[in-house]
Amino acid sequence: MIKKVFQLLVVCLLGACTEKDEVFEASFYECTSGITSNNLQHPLANRIDSLAETFINKGIPGIMISVRNKAGQYTASRGKSDLASNVDLQACNITRAGSTVKTFTAVTLLMLQEDGLLDLDDPISEYLSKKVFHGIENAENSTIRQLLNHSSGIHNYIQDTKFQTASLNDLIKEWQPEELLEYSRGRNAYFAIGTDVRYSNTNYILLGLIIEEVTGLPFYEVFEEMLFRPMHLNFTSFAATDPVPNGIIRGYVDLYSNLNLINATYYSGWDYFSADGGLISNTSDLSLFMAKLFQGELLSTESLSEMKSWIAPNEPNKDGFETFYGLGIFQIMTDYGPAYLHSGDAIGYFASMVYFPKQDIAISWASNGNYGKLDAIIQSKETMERIFEAILKTKSGYKEQ
Amino acid sequence: MWTLKFTALCCILVLTHNISGQQPVTISVFNESTALPFDRLINTPMHPGVQVGTEFNWKESKHFRLYPSISVGYMFHRKLFQGLYANLELGFDYKASFGLNLKSKIGLGYLHTFSTQQEFQFDNGEYRSSGDTGNSRIMPSFTTGLGYRLNPTKNNASEIFVLYQSWLEYPYSPGFIPLMAHTNLHLGLKFYPFEKNEQ
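Listed in order, the protein sequences are those of chains A and B.
Reminder that position 245 of the first sequence reads as 245 in this note's numbering, one-by-one numbering, no gaps.
Plus 1000 on top of the position in the second sequence (first one is 1) and you've got this note's numbering.
Hints were generated in silico from the structure; no laboratory data involved.
Don't take each hint at face value.
[As the list claims (entries may be wrong)] Now the in silico label distances, taken between C-beta atoms and shown as ranges:
| # | chain 1 | residue 1 | chain 2 | residue 2 | range |
| --- | --- | --- | --- | --- | --- |
| 1 | A | 319 | B | 1192 | 22 to 28 Å |
| 2 | A | 36 | B | 1179 | 47 to 53 Å |
| 3 | A | 320 | B | 1056 | 53 to 59 Å |
| 4 | A | 357 | B | 1136 | 40 to 46 Å |
| 5 | B | 1044 | A | 34 | 42 to 48 Å |
| 6 | A | 318 | B | 1061 | 53 to 59 Å |
| 7 | A | 18 | B | 1102 | 36 to 42 Å |
| 8 | A | 297 | B | 1130 | 54 to 60 Å |
| 9 | B | 1044 | A | 37 | 45 to 51 Å |
| 10 | B | 1136 | A | 34 | 46 to 52 Å |
Glycine included, C-beta positions come from ideal geometry on N, C-alpha and C.
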């Protein structure tokens, strides 16, 4: 009797407290305008299609991969935009691109410098009130440039275990920049300013606030005015204006590393209102952005050169590519030569964008799943090498496509 | 799942057996949170839980009491997990003469967590909505708190208590996040519902 009552209680309790995913019609994910530039006859189309398929076979719920070179732009998409609704992912769908926004932040600041509104070598204390950065070691004396290339040594709030547990405790909280900065206050800097480089999201929160200070506008409106609209990045926006826009593909997390996914689309982020993440885009737009940027269409030669002033970390990355830090961009050394890269995670999403200067080709890929086992499938060094090989390797060796 | 059922049934059997003696019943409601120990007392939003258990007498003097305790409980953490657990603890109380108890416990429990959302399992090259068999965890814990005996002169007096329990969830996400820290803030009551019958 006790056993039956117990079983009934457990089943009722657990069943009643489990949310089912909302089911949408396929039309919910239809793109209002397709990618008009998608060249289905692109010479790399078959390779990219096959490559995308391999990710799905390994457990990525949905993926899009874009290339852009002299043969034009091609995007492949495979898998599902929504597992509960069983809707196929389309090349023109929008997804979260997380920290790739840091490159947009850096380009915006370089443009503002070109406009005479700031100087990258000014200390940030010339633009931000002490109230903003008090208690954040190294902040007062760091320059904008040192924040951009992560040589400030400022503690990274996202690696703070108090922040990590707090964000799990309230997965739908929308964090404001000042709340995030609190997790870096009173924390030791990683090193003295300018003596090393180490990635820190806190740097880019402060940079977003500087953009707002010198323009008088929310930084994401500045992105819109200076980058998204002029570059015709029609699928790109920032989360603050609409955190979960209609048609955004569902994002999934493998929280327990067993390829058992749950929907994280409405998990908020800590990056909806800060310039260290929060980008919504797709691989077509990201590859367009990278191509235009490094082909010199966005910045002056001097600014682009500043962006590509590389700094090596004191301790090389043992597990990944040899990596150098620029302004909002990294240079990695691959079998196909140097490549400029930035990647980004959001909860349930991953995106990466790369430009190979020798081959003049931009590559971007994005998935609607991350964490746990998915991370190794979508963003490991081996994965990147496989992507680069599939797209860049030629019969004659490593020549330009 | 059978492990949870077995453990929980054992707890219930021990509980019902001992209620017929002079063991107390403890019942508490609590707020669970993923948090580092002693970071904050109260975390928001509230993630509710309920726990029921009993305590056994082991060693007791005028001011000290050492006792094992056993409990079962349920917690619901919105958007993350819900869990059923059985917990065995060793408690140590310092009893002040005016009724205040300073309480501490160390414990080890079994926790079975379930998702609070629909799950999709990768199987044969595609994802399918799956039934949730849950995840097995152990939950070592350390608890401190205060109690107040409603009748300070009586050994078997009812007690109201507030407990701050720090516990770890292990394993959490192998190869990704090895363990997760939680805290539970309990508000509860210990009472002796069957004492008169025995006397």
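Here is how each hint holds up against the structure:
no., hint, result
1, A:319 - B:1192: 22 to 28 Å, "60 Å, violated"
2, A:36 - B:1179: 47 to 53 Å, "50 Å, holds"
3, A:320 - B:1056: 53 to 59 Å, "55 Å, holds"
4, A:357 - B:1136: 40 to 46 Å, "51 Å, violated"
5, B:1044 - A:34: 42 to 48 Å, "44 Å, holds"
6, A:318 - B:1061: 53 to 59 Å, "58 Å, holds"
7, A:18 - B:1102: 36 to 42 Å, "40 Å, holds"
8, A:297 - B:1130: 54 to 60 Å, "48 Å, violated"
9, B:1044 - A:37: 45 to 51 Å, "48 Å, holds"
10, B:1136 - A:34: 46 to 52 Å, "47 Å, holds"
In this structure, the earlier hints numbered 1, 4, 8 are contradicted, and the remaining ones agree with it.
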